[in-house]
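Colleague: Please construct the entire structure, taking both the sequences and the accompanying hints into account.
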Amino acid sequence: MSDKKLKITINGKKALCGKHETILDAAKKAGVRIPTLCYDERLEPYGGCRLCIVEVKDVPRPLPACTTRVKDGMEVFTETEEVRRLRKNVLTLLLSNHPNDCMTCEATGNCGLQSLAYEYGVDGKRYAGETWDLPIRDDNPFIIFEPNKCILCGRCVRICNDVVMAGTIELSGRGFDSVPDTAFGKPRTLENCEFCGQCVSTCPTGALVDKKGRGKGRAYEMTKVKTTCSYCGTGCNFFLNVRDGKVVKVTSDFEAPVNQGNLCIKGRYGYDFIHSSERITSPIIKKGGRYVEATWDEALDLIAKRFSEVLAQHGPSSVGAFSSARCTNEENFLVSKLVRTVFKSNNVDCCARV
Amino acid sequence: MAGLATSLGAGAATNSLAQMPDIDTIFLFGSNPTEAHPIVSIHLKKALKKGARLVVGDPRQTWMAKRADVWLNLKPATNIALINGIINVILEKGWENKEFINKRTEGFDELRAKVREYDLKTVEKITGVSGNAIVEAARLYSQAKNGMIVYGLGVTEHNSGTENSMAIANLALVCGQIGRPSTGIMALRGQNNVQGASDLGPLPATFPGYQSITSAEAREKFEKAWGVRMSPEIGLKSVEMLERACEGKFKGIFILGEDPAQTDPNVHEVRKALDSLEFLVVQDIFHTETTKHAHVILPGASFAEKDGTFTNGERRVQRIRKAVEPLAGRAEWQVICEIATRMGYPMHYTHPSEIMDEIASLTPIYGGISYERLEKESLQWPCPTKDHPGTTTLYTDLFSRPGGLAKFMALDHKGSGEVPDSEYPYVLVTGRIREHYNNGSMTRRSPGIMELVPEELLEINAEDAVKLKIKNGDKVFVSSRRGKIRVKVRVTDRSQPGNVFLSFHFPEALSNLLTSEHKDPITGTPEYKACAVKIAKK
Ligand code: SF4
Ligand code: SF4
Chain A
1 MSDKKLKITI
11 NGKKALCGKH
21 ETILDAAKKA
31 GVRIPTLCYD
41 ERLEPYGGCR
51 LCIVEVKDVP
61 RPLPACTTRV
71 KDGMEVFTET
81 EEVRRLRKNV
91 LTLLLSNHPN
101 DCMTCEATGN
111 CGLQSLAYEY
121 GVDGKRYAGE
131 TWDLPIRDDN
141 PFIIFEPNKC
151 ILCGRCVRIC
161 NDVVMAGTIE
171 LSGRGFDSVP
181 DTAFGKPRTL
191 ENCEFCGQCV
201 STCPTGALVD
211 KKGRGKGRAY
221 EMTKVKTTCS
231 YCGTGCNFFL
241 NVRDGKVVKV
251 TSDFEAPVNQ
261 GNLCIKGRYG
271 YDFIHSSERI
281 TSPIIKKGGR
291 YVEATWDEAL
301 DLIAKRFSEV
311 LAQHGPSSVG
321 AFSSARCTNE
331 ENFLVSKLVR
341 TVFKSNNVDC
351 CARV
Chain B
1 MAGLATSLGA
11 GAATNSLAQM
21 PDIDTIFLFG
31 SNPTEAHPIV
41 SIHLKKALKK
51 GARLVVGDPR
61 QTWMAKRADV
71 WLNLKPATNI
81 ALINGIINVI
91 LEKGWENKEF
101 INKRTEGFDE
111 LRAKVREYDL
121 KTVEKITGVS
131 GNAIVEAARL
141 YSQAKNGMIV
151 YGLGVTEHNS
161 GTENSMAIAN
171 LALVCGQIGR
181 PSTGIMALRG
191 QNNVQGASDL
201 GPLPATFPGY
211 QSITSAEARE
221 KFEKAWGVRM
231 SPEIGLKSVE
241 MLERACEGKF
251 KGIFILGEDP
261 AQTDPNVHEV
271 RKALDSLEFL
281 VVQDIFHTET
291 TKHAHVILPG
301 ASFAEKDGTF
311 TNGERRVQRI
321 RKAVEPLAGR
331 AEWQVICEIA
341 TRMGYPMHYT
351 HPSEIMDEIA
361 SLTPIYGGIS
371 YERLEKESLQ
381 WPCPTKDHPG
391 TTTLYTDLFS
401 RPGGLAKFMA
411 LDHKGSGEVP
421 DSEYPYVLVT
431 GRIREHYNNG
441 SMTRRSPGIM
451 ELVPEELLEI
461 NAEDAVKLKI
471 KNGDKVFVSS
481 RRGKIRVKVR
491 VTDRSQPGNV
501 FLSFHFPEAL
511 SNLLTSEHKD
521 PITGTPEYKA
531 CAVKIAKK
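Keeping their order, the protein sequence lines are chains A and B. In terms of the numbering used here, the first sequence has 57 at position 57, counting the first letter as 1, and numbering is strictly consecutive. In terms of the numbering used here, the second sequence has 512 at position 512, counting the first letter as 1, and numbering is strictly consecutive.
Simulated from the structure, these hints should not be mistaken for lab results. Just so it is clear, the structure is predicted and the values come from calculations on it, not from any experiment. One or more of the hints may lead you astray.
To be verified - Rough simulated footprint, nothing fancy, chain A against chain B, three-plus residues with beta-carbon under 8 Å:
| # | region |
| --- | --- |
| 1 | 104–115 |
| 2 | 251–260 |
| 3 | 276–285 |
| 4 | 298–304 |
| 5 | 323–330 |
| 6 | 353–362 |
Claimed, not checked - Some chain B residues well away from chain A (every beta-carbon gap over 10 Å; in silico):
| # | residue |
| --- | --- |
| 7 | Gly196 |
| 8 | Pro208 |
| 9 | Glu220 |
| 10 | Ser400 |
| 11 | Pro420 |
| 12 | Arg445 |
Cβ coordinates follow ideal geometry from the N, Cα and C atoms, glycine included.
Modeller: Here you go:
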């Protein structure tokens, strides 16, 4: 097996690609955007939404870019009039059975369907066909499902079954009424769901949304800060979504080397503690058996004074510090430095065994 | 991790998570990743989808155990006997990797002599695992092209936890399943920055980067950088500091972000120790059992309120970034600087990136790491120089021990410090559940998580439940020789008859009141995993 590169052209421009790449992979690498709705890098290509269709020279029918592998010498065209017309048809059809209530929809600004409708100038008024009128499912602490906004891309069902392997949801019902649902339409509980929110993270529309972030701000109003989870040692990355000085939501970082956008319940939904009203907000000093609030200066002066006194009286062998596997590398380094340079011993340990 | 350091050289996972999908035999030991490390489990599931074989060693019938080709349902605390038995089978059948053993290891003869004592009959008796399962596990793992061992706290939180990790290293070395991608040993740790906290030297015997306190050369380097004489005397472990405090010989402790008064087994002793101190400072984001004993409590900053780095379980150094201002105005790194400065040792940094620069200059394994690089790339240590790409697979040619050879350790089965008897007939196993974390101080503040898992549940096998005439949702008393708690019962087939399970996330039903004081003699890791209890309705 040689990894000889294949030569293709995309919209007339030359591109080199690997044997197992699809047209979509190759286009991505070449910086050419092909629209998709049912594609997620975490999933096997599905070829369901028909938006990634492209024309290939000497092939009579347009081909889905996500499932078609490149061949040497292939000439690919991603923006012909014909494929644009076909894509517009698909979008028109999707919007004909869609609430089109972008004004209040949680996904506005972060919705694959909305951006493509905008790009292709489809407004949803074309055929007023039969539309779904299914009840909103708001039956658990984290995930809201609005079936009317579902476009049946199957991403939630695929990620839940193929990646998480939780088997919580499946495409249930037949034909016009089939939607992704839990078995017997039961509410999501720990019995059937992990609450990892992978389904939400992959949904391209406002059908699956994070309950806790609802109404707290549009995607474009958030400052997204990339960070690393503070719970377990896996080290997943994600974005803290900050608005008005508050963390209001966690969203996936699909480029993350460890987790590729996947998270668990703690990482995705366990951020409330940051703004908990029970946080300690100021230094506290024990005075005559009672705890009283103090300024930083008072507290730090007292700490310096008392540690100095104890050290002077009982010597370096009687004072030490516990550092934490919860703190940063820099803080752990400084605790070790503090004990070695100021307490003048090696009485420093972290509870890093646990 | 001390075990891996002794056998291989470094106390760290040998490979990368991203390599997991290409494993063809997974050996999962004492780890329940679908609960404790869900994203690791996603990588493992990818391997399973691609047809990987799976061997699971766990007393509980976990999600993975249900899907395993071989489930080794060993009795708690019999890990060493089981692994010795597996190695013995491998050697008897000639399934070992002779070339690897000859070229890259030492101490093989001692190991061979030792494991001979562990024939199938003996091991069946100690572990309760059937001989057939042991042979099949030995075959699958030794004959795999790429076999990886993934182990968790079920292995390290034992009184012989260090030896358990050495036993695992023995197994990997005998089969030569190490030093290549998608092989090796991945230890899954509990807290987010366990790896970084060990790496950066808040440890009694090592400077940052595992440089020994007893090495004159290392001391000299730090003395030069820090301008103070370094004590050559190995310091006290946390357990020892607390023991001495009880004896009135230890007087002052600064505790940063830990809650030993809840998370340490045998919390009675810890609380007594903390109360005996002349001066205790605790910095944390919430009031905890431990802050109740403090003379000064300082507010901590959450991970969203500061810049810094964490090092994950695969040695990957990753940034955290300040998203909001520290609630009380200061982050921990600033507070430490102020304390040092006020005590006459000026410490000034304007940003944590400067601390990382100092770390890099003093710590060879972090030598090439800087915030600037971390903006552009993801790095796993060892990363000794600014142009080094980091290391995804350890030990590709040499082990980081003197001479570059890995060392086999001949080990004996010792059993749990406390075994069930007629008065305390059940083995209590403690662990984590997916929804909660450690002392629960963070996850219990999430109303959604509390709605799902509001309280501690005692998991008990249906057979035992019938015997005790208890059913789902009943409240029972669980008691050990040390304490007694009241909890609700959950009847499940995940626990085997004779074993019951509790987490330790809830202060109201603190399982650590029950656990035993037996500790790993080498690391001081408390024995969370097994102790004897009785269960009663009244
Ligand atoms: S939260 Fe996770 S487990 Fe639950 S339905 Fe969504 S993907 Fe499946
Ligand atoms: S998101 Fe979950 S698996 Fe990932 S680091 Fe956080 S706690 Fe661990």
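Colleague: If a hint holds in the structure, say so; if it doesn't, say that too.
Modeller: Comparing the hints with the structure gives:
1. 104–115: Answer violated; 0 residues pass the 8 Å Cβ test.
2. 251–260: holds (count 9)
3. 276–285: holds (count 5)
4. 298–304: holds (count 6)
5. 323–330: holds (count 7)
6. 353–362: As far as the region 353–362 of chain B goes, the hint holds, because 4 residues have Cβ atoms under 8 Å from chain A.
7. Gly196: 4 Å, violated
8. Pro208: 6 Å, violated
9. Glu220: The claim stands: B:Glu220 keeps its Cβ more than 10 Å from every Cβ of chain A (closest is about 13 Å).
10. Ser400: Since the minimum Cβ distance to chain A is about 19 Å, B:Ser400 lies beyond 10 Å and the statement holds.
11. Pro420: With a cut-off of 10 Å, B:Pro420 remains clear of chain A, as the shortest Cβ separation is near 24 Å.
12. Arg445: B:Arg445 not clear of chain A: closest Cβ-Cβ about 4 Å, inside 10 Å.
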